[in-house]
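Protein chains in written order, with the working numbering: chain A, 1 to 90; chain B, 1001 to 1312.
Heads up, some of the hints might be wrong.
[Claimed, not checked] If the Cβ cut is set under 7 Å, some of the chain A residues that face chain B in the computed set are: (1) Arg19; (2) Asp79; (3) Ile90.
[To be verified] Okay, derived cross-link-like pairs now, SDA-like style, lysine to any residue, Cα gap no bigger than 25 Å in a straight line: (4) B/Lys1192 x B/Thr1279; (5) B/Lys1265 x A/Tyr57; (6) B/Lys1299 x A/Leu13; (7) A/Lys16 x B/Glu1256; (8) B/Lys1106 x B/Pro1123; (9) B/Lys1026 x B/Leu1172; (10) A/Lys10 x B/Leu1023; (11) B/Lys1260 x A/Asp66; (12) B/Lys1075 x A/Leu89; (13) B/Lys1260 x A/Phe35; (14) B/Lys1260 x A/Lys84; (15) B/Lys1185 x A/Lys84; (16) B/Lys1271 x A/Arg39; (17) B/Lys1263 x A/Val25; (18) B/Lys1300 x A/Asp79; (19) B/Lys1293 x A/Asn75; (20) B/Lys1166 x A/Asn75; (21) B/Lys1293 x A/Ser71; (22) B/Lys1185 x A/Leu12; (23) B/Lys1260 x A/Val44; (24) A/Lys37 x B/Ala1259; (25) A/Lys16 x B/Lys1178; (26) B/Lys1260 x A/Leu89; (27) A/Lys74 x B/Thr1252; (28) A/Lys84 x B/Lys1192; (29) A/Lys84 x B/Ser1282; (30) A/Lys8 x B/Arg1173; (31) B/Lys1178 x A/Lys8; (32) A/Lys84 x B/Phe1098; (33) B/Lys1185 x A/Asp36; (34) A/Lys16 x B/Gln1208; (35) A/Lys16 x B/Thr1295; (36) B/Lys1260 x A/Leu12; (37) A/Lys16 x B/Phe1156; (38) A/Lys84 x B/Thr1252; (39) A/Lys84 x B/Ala1259; (40) A/Lys37 x B/Asn1227.
Keep in mind that the hints were calculated from the coordinates and are not lab data.
Owing to the predicted nature of the structure, the values given are computational and were not obtained by experimental measurement.
Backbone N, C-alpha and C fix where the C-beta goes; we use that ideal spot for every residue, glycine too.
Residue strings, one per chain:
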Amino acid sequence: MMKGTDQKIKILLDDKACRGCQLCVDVCPVEVFTFDKARNTASVTKEDNCIGCLSCYYICPPTCIDLQGVSYSKNFYCDSEGMKIASRLI
Amino acid sequence: MKVRVATEQCSTCAGCHVSFVDLHEKLLDVVNAIDIVYCPILADFKEHPEADVGLIEGCVRTDHDRHVVEDMRKKCKSIIAWGTCACWGGICGANTVFKPQEIFDKVYLNNPSTVTNIIPDSPRIPKFENEALPIDQIIDVDFYMPGCPPHPYFIFEGLTSLIAGKLPDTTLRSVCAKCNRRMDKTDVSELKRNIEGIPDPEVCFLSQGYICLGSVSLDRCLAPCPNTGMPCIGCTGPTPRVIMNPYRDIRTEVAERMAKLTKIKEADIIKEIENFARTYYSYYMGAPVLRNKPTFLIKKWMREAEKEAATV
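Use the sequences and the hints to build the structure in full.
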C-alpha cells in the first residue's frame, strides 16, 4: 500500500518482454523483485512493499513494468505537452 | 459505409506509403473497409476531398507543406501523424541545427561532389522555411503513429482499430521488448564503435559496450536491427517515458542502463553520445517537445566536438 493513501499498488511485469537485465532488482529500494535464473526473468514477489517510487518503471530497458494505482505525474514533474503526445501514441 | 481515408505527403521519402503497401494480403482486409479518396503517390488530384481519417507523412519544411497540412486539417475529421518525420521531424528535422543559408551553401554552392553554383530560385519552387517542424506544431494532431517507417503490423492494427471505433491494442514498449538478445552484466570497461570487433549475436549490445538506442526507442518496428546484428539507431522516436519527463533524455537513460550493465563510467557514455549527437539525435532533434528540454544543448556539444576534433 502506498504510504499515506488507501490505494493498493499493482505491479504488472510482462515476462515475455523481460530481457533478464536485473536492473529492477538492483534499483528497487524495498526489494519487490527477485530474479529467476532458470527463466532469465524478474518476478514480483513482495508487491506489498512497493512505495510507488517508479524507479523500476523508469530503469526497465524493455519498459515491461507498468504500475497501477500510482500517478506518473502527481509526485514527479511531467511535461504537459509531452503527456498529451504520449497519450495519443498509437 | 466505408471509412474515407486520405493520405498526404510533406517533406519525406514516401517510405510510410511503401510500408502501407507492404501489408500484402492484409491490404485487402483494410481496403474492403476503407475508401482511399486521396493518395498522391497513386493518383493525381489537386484538391483535398473531405475525409474521415487523414494520414500525413513527412514534416513541414516548405510553405507548400504548411498549406497542405492546414488544408488537410480542415478537410479531415481526424488526423494521424504518420511516421517519424510527421511525429518528431525525422531526418528532415535533423537539419534544424543549421540555418537555411548554411544548408543551401553546402548543397548548391560548395558541394564537393557537384559543380553547381546556383541556388534554385523560382516562384514555382515552394519557399524554404527557417526550420523543419513536426506537423503538430502547425495543426492539431489526433494520433501519432511513429516509425521509420511504422511496421505494416502497426499500420494494420492502427487503421483497423480506428475503423472499428476503438483504440489499437498495441503496447508502448521499447525496442528491447522485441529484441532476442540477453541482457547480461559484464566486465566490459571500454566503449566500442559500431565498426569495431564482431558483437556476440546472443548478448545485448549495451552489455558488450556498443551504444544501442533500443531501450529509449518506441517499438514500432518489431526490432529488425538489433535482431540482425546492428545496434538500434532510434528511428522510431522516443518512448513515452522520455517524452513525458523534461529531465529524462536519450543520453542519460542509455548511459544509466549501460553503466549498470557494464564497468563503463556513466559520464563517458554521456560524453560519447554528446560528441556524436547529430547521429544519435538525428531522428528527433526537430521535435520541440524534445529539443526544448533544458538539458538538450546540441549546439554546445557540436562546438565542443569540433574543438576536440581540431586538437587531435
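Would you check the hint for B/Lys1192 and B/Thr1279, treating anything up to 25 Å between C-alpha atoms as holding?
Since the Cα atoms of B/Lys1192 and B/Thr1279 sit roughly 15 Å apart, the hinted pair holds (cutoff 25 Å).
Does A/Asn75 lie within 25 Å of B/Lys1166 when you go C-alpha to C-alpha?
violated (31 Å)
Is the straight-line distance between the alpha-carbon of B/Lys1300 and that of A/Asp79 25 Å or less?
holds (24 Å)
Restraint check for B/Lys1075 with A/Leu89, where alpha carbons must lie at most 25 Å apart
Judged against 25 Å, a Cα distance of about 22 Å means the pair holds.
Next pair to validate is B/Lys1026 with B/Leu1172; report whether the Cα-Cα distance is within 25 Å.
Within the cut-off at roughly 23 Å; holds.
Does A/Asp79 pass the interface hint, meaning its C-beta sits closer than 7 Å to a C-beta of chain B?
holds (5 Å)
Sort out whether B/Thr1252 lies within 25 Å of A/Lys74, counting only the CA atoms.
holds (23 Å)
Within a Cα-Cα threshold of 25 Å, do B/Lys1185 and A/Leu12 meet the stated pairing?
holds (24 Å)
Check the hint pairing B/Lys1263 with A/Val25 against an upper bound of 25 Å on the C-alpha distance.
holds (18 Å)
Holds or violated: A/Arg19 as interface residue toward chain B, Cβ cutoff 7 Å?
holds (4 Å)
Given pair status - A/Arg39, B/Lys1271, alpha carbons within 25 Å:
Given pair B/Lys1271, A/Arg39 is violated - Cα atoms ~36 Å apart, limit 25 Å.
Given pair status - B/Thr1295, A/Lys16, alpha carbons within 25 Å
violated (34 Å)
The earlier numbered hints that this structure contradicts are 6, 10, 14, 15, 16, 20, 26, 28, 31, 32, 35, 39.
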